[in-house]
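Novice: From first to last, the protein sequence lines are chains Z and P.
Counting in this note's numbering, the first sequence runs from -11 upward without gaps.
Counting in this note's numbering, the second sequence runs from 993 upward without gaps.
No wet-lab data here; the hints were simulated from the structure.
Ideal Cβ placement from N, Cα and C applies to all residues, glycine included.
Misleading hints may appear alongside valid ones.
One side of the interface only, derived from the structure: several residues of chain P facing chain Z at Cβ under 8 angstroms [as the list claims (entries may be wrong)]: (1) Leu1069; (2) Ala1073; (3) Ala1081; (4) Val1082; (5) Ala1084; (6) Gly1091; (7) Met1100; (8) Pro1101; (9) Val1111.
If you anchor each label on the Cβ, the simulated ranges turn out as follows [stated by the list, open to error]: (10) P:Glu1208 x Z:Ala85: 34 to 40 angstroms; (11) Z:Lys92 x P:Arg1018: 46 to 52 angstroms; (12) P:Gly1019 x Z:Val72: 44 to 50 angstroms; (13) P:Asp1178 x Z:His176: 44 to 50 angstroms; (14) P:Arg1120 x Z:Lys92: 42 to 48 angstroms; (15) Z:His176 x P:Leu1236: 45 to 51 angstroms; (16) Z:Thr44 x P:Met1146: 25 to 31 angstroms; (17) P:Ala1243 x Z:Ile231: 53 to 59 angstroms; (18) P:Ala1243 x Z:Arg234: 30 to 36 angstroms; (19) Z:Thr143 x P:Phe1024: 15 to 21 angstroms; (20) Z:His176 x P:Thr1023: 22 to 28 angstroms; (21) Z:Val72 x P:Glu1208: 50 to 56 angstroms.
One-letter residues, chain by chain:
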Amino acid sequence: MNRTTLLALQILVGIAFLVVWHLLTTVPMANGKPLFAPFFFSTPLDVLARTWKDITGGTLWRHLGITMLETVLAFGIGAGAGIVVGFAFARRELLAAVFDPYVKAANALPRVVLAPIFALWFGLGIWSKVALGFTLVFFIVFFNVYQGVKEVSPTVLANARMLGMNERQLLRHVYWPAALTWMFSSLHTSVGFALIGAVVGEYLGSSAGLGYKIHEAESVFDVTGVFSGMLILTIVVIILDAIVTRIENRLLVWRPDTTARTT
Amino acid sequence: MSQGAALSVSSPSLSAPAAVADVALRGLDITFALKTGEQHAAVKAIDLTVAPGEFVAIVGPTGCGKSTLLNAAAGLLKPSAGKVEIQGAVLAGLNAKAGYLFQADALMPWKTAIDNVAVALEPQGVPRAEALQRAQDWLARVGLKGFAQRYPHMLSGGQRKRVALAQMLIRDPQILLMDEPFGPLDAQTRQIMGNLLLDLWAANKKAVMFVTHDLEEAIALADRVVVMSAGPAAGIVGDFRVELPRPRDIAEIRVEPAFHAIHKAIWASLRVEVQKAYAQGEQLGEEAQQ
Chain Z
-11 MNRTTLLALQ
-1 ILVGIAFLVV
9 WHLLTTVPMA
19 NGKPLFAPFF
29 FSTPLDVLAR
39 TWKDITGGTL
49 WRHLGITMLE
59 TVLAFGIGAG
69 AGIVVGFAFA
79 RRELLAAVFD
89 PYVKAANALP
99 RVVLAPIFAL
109 WFGLGIWSKV
119 ALGFTLVFFI
129 VFFNVYQGVK
139 EVSPTVLANA
149 RMLGMNERQL
159 LRHVYWPAAL
169 TWMFSSLHTS
179 VGFALIGAVV
189 GEYLGSSAGL
199 GYKIHEAESV
209 FDVTGVFSGM
219 LILTIVVIIL
229 DAIVTRIENR
239 LLVWRPDTTA
249 RTT
Chain P
993 MSQGAALSVS
1003 SPSLSAPAAV
1013 ADVALRGLDI
1023 TFALKTGEQH
1033 AAVKAIDLTV
1043 APGEFVAIVG
1053 PTGCGKSTLL
1063 NAAAGLLKPS
1073 AGKVEIQGAV
1083 LAGLNAKAGY
1093 LFQADALMPW
1103 KTAIDNVAVA
1113 LEPQGVPRAE
1123 ALQRAQDWLA
1133 RVGLKGFAQR
1143 YPHMLSGGQR
1153 KRVALAQMLI
1163 RDPQILLMDE
1173 PFGPLDAQTR
1183 QIMGNLLLDL
1193 WAANKKAVMF
1203 VTHDLEEAIA
1213 LADRVVVMSA
1223 GPAAGIVGDF
1233 RVELPRPRDI
1243 AEIRVEPAFH
1253 AIHKAIWASL
1263 RVEVQKAYAQ
1273 GEQLGEEAQQ
């Protein structure tokens, strides 16, 4: 199947979904009402109209900006801490062995239950959301960096040592690039989790952000508002993902194309 | 022991007392602790010297500990008994005077060909601009002039070996250790790489320890061929000089009558060991089946 046919089919599925949704919520049945009441299900046109109004209206940008700020902070701090701790654990066998059960326990905890605690500790502003996102991002990056440093090819390492590299040079030329590879392979997941942390945090208690907007709409049974918020979130995620893909392609040029791997 | 006798018989011509050997393995034992708790003796009572500028090939059946010997000379492995002397001094830690060419891919996959070669000069404190210039020269010498900006995965197996060769030689090490470096390559590429190696070596003669399982390759390249016995506790069972004129062409030298005579002599000693190793493998296979 060629690309255009595939794209056409993909678009067709989307349109079909919207059409079915539209028909079910607008075409009157025998009793004079549509099968799905628009109060509960809204209609595609209403959602689009609301979204357009929000985008052009201006209030949306403030909420979006706050959510993005929280996402970026959560990702930055979480990834930074994950790299440092991941490196330390991978290079210091004892440290990893001692903390192993605690790391596993902390990672097993469903992070959502921490949200109220963080709200207590850090208040209802952005930092409680950053903290929630941090707990999600940290573990992903930590595990990947740890794995990356651990799984450096022994031959590459032995070769670098035979070239006379000291510990600092090994870190720079061997361990660091190896760890980065693994980190970038998890970048899509960790950026996504940073956003989830922000939105869930806002949803559970805040006065600004996309999560807050959705929660606000929900509390007044404004289903159109909820769907509109979801649509905006989806668009944001798609854009973020495209940006991550571009960064990844630029930084990992040395990696063999998975489709063209011959050895 | 008989190998000691063989060594002293073949040695006098090369180890004139004036020159200190570049590499001397003296009474070397290497034992590994297996996961089951048993001790596995890989090599035992190895005595081997490599004179400056001498090309020594080490052959032996699979799994006899040829690479172990090389790793001991590189300082990557600590001997359980005996000692490694490098230019007369007992080796402690990594062997800074040696370059090592591995069988597996050892290039940093995240660096381009030229960066892989240039980075070898960083530990010596060579400024980056100069290192890049010299790396470019070396890439040209190994026939990869136009491939400087390629990453290892964009190069063929033979080209990657050329980069690794340049990476090793740019540091100008006094001892070259090679562990079946051309093993993964196809027959034609092996010959080309062998000739390239000989050309580079002839221009600036270093002591070489070259491990291979290919006897023909060993004879074509080396001044001396050392035969190891089947493991465990492998030792040296033969030490042969290869009196073939240089410069040599790897492909052409194989049809010379002198080549055949040497091959026949060495093979007589190697064959016994290969059969022994094969029989051990069979036995292990049967035990595993029962």
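Novice: All the hints need checking, so say for each whether the structure fits it.
Specialist: Against the structure, the hints come out as follows:
With a least beta-carbon distance of about 10 angstroms to chain Z, the hint placing Leu1069 of chain P at the interface is violated under the 8 angstroms criterion. Proximity of Ala1073 of chain P to chain Z is violated relative to the hint, the smallest CB-CB distance being about 23 angstroms (cut-off 8 angstroms). Contact between Ala1081 of chain P and chain Z, as hinted, is not supported at the beta carbon level, the nearest pair being about 17 angstroms apart and thus beyond 8 angstroms. Look at Val1082 of chain P: its Cβ only gets to about 19 angstroms from chain Z, farther than 8 angstroms, so that hint breaks.
Nearest Cβ of chain Z to the Cβ of Ala1084 of chain P: about 15 angstroms, over the 8 angstroms cut. The hint is violated. A hinted interface residue such as Gly1091 of chain P counts as satisfied when its beta carbon comes closer than 8 angstroms to some beta carbon of chain Z; here the least separation is about 7 angstroms, so the hint holds. Hint on Met1100 of chain P holds. Least Cβ distance to chain Z is approximately 6 angstroms, under the 8 angstroms limit. The beta carbon of Pro1101 of chain P is positioned within 8 angstroms of a beta carbon in chain Z (closest approach about 6 angstroms), and the interface hint is therefore held.
This hint holds: Val1111 of chain P has a C-beta 6 angstroms from the nearest C-beta of chain Z, less than the 8 angstroms allowed. For the pair Glu1208 of chain P and Ala85 of chain Z, the supplied restraint of 34 to 40 angstroms is violated, since their beta-carbon distance comes to about 50 angstroms. Distance hint check: the CB atoms of Lys92 of chain Z and Arg1018 of chain P are about 49 angstroms apart, consistent with the given range 46 to 52 angstroms. A C-beta distance of roughly 47 angstroms is found between Gly1019 of chain P and Val72 of chain Z, which places it inside the suggested range of 44 to 50 angstroms.
Here the CB-CB span from Asp1178 of chain P to His176 of chain Z is close to 39 angstroms, at odds with the stated 44 to 50 angstroms. A C-beta distance of roughly 43 angstroms is found between Arg1120 of chain P and Lys92 of chain Z, which places it inside the suggested range of 42 to 48 angstroms. For His176 of chain Z paired with Leu1236 of chain P, a C-beta distance near 60 angstroms fails the hint of 45 to 51 angstroms. Between Thr44 of chain Z and Met1146 of chain P, the C-beta spacing of about 48 angstroms breaks the proposed range 25 to 31 angstroms.
Checking the proposed 53 to 59 angstroms range against Ala1243 of chain P and Ile231 of chain Z shows it holds: the Cβ atoms sit about 55 angstroms from each other. For the pair Ala1243 of chain P and Arg234 of chain Z, the supplied restraint of 30 to 36 angstroms is violated, since their beta-carbon distance comes to about 49 angstroms. The supplied range of 15 to 21 angstroms is met by Thr143 of chain Z and Phe1024 of chain P, whose beta-carbon atoms lie about 18 angstroms from each other. Checked against the hint of 22 to 28 angstroms, the C-beta distance between His176 of chain Z and Thr1023 of chain P comes to roughly 48 angstroms, which is inconsistent with it.
Checked against the given bound of 50 to 56 angstroms, the beta carbons of Val72 of chain Z and Glu1208 of chain P, roughly 53 angstroms apart, stay inside it.
Hints 1, 2, 3, 4, 5, 10, 13, 15, 16, 18 and 20, counting from the list given before, are not met by this structure.
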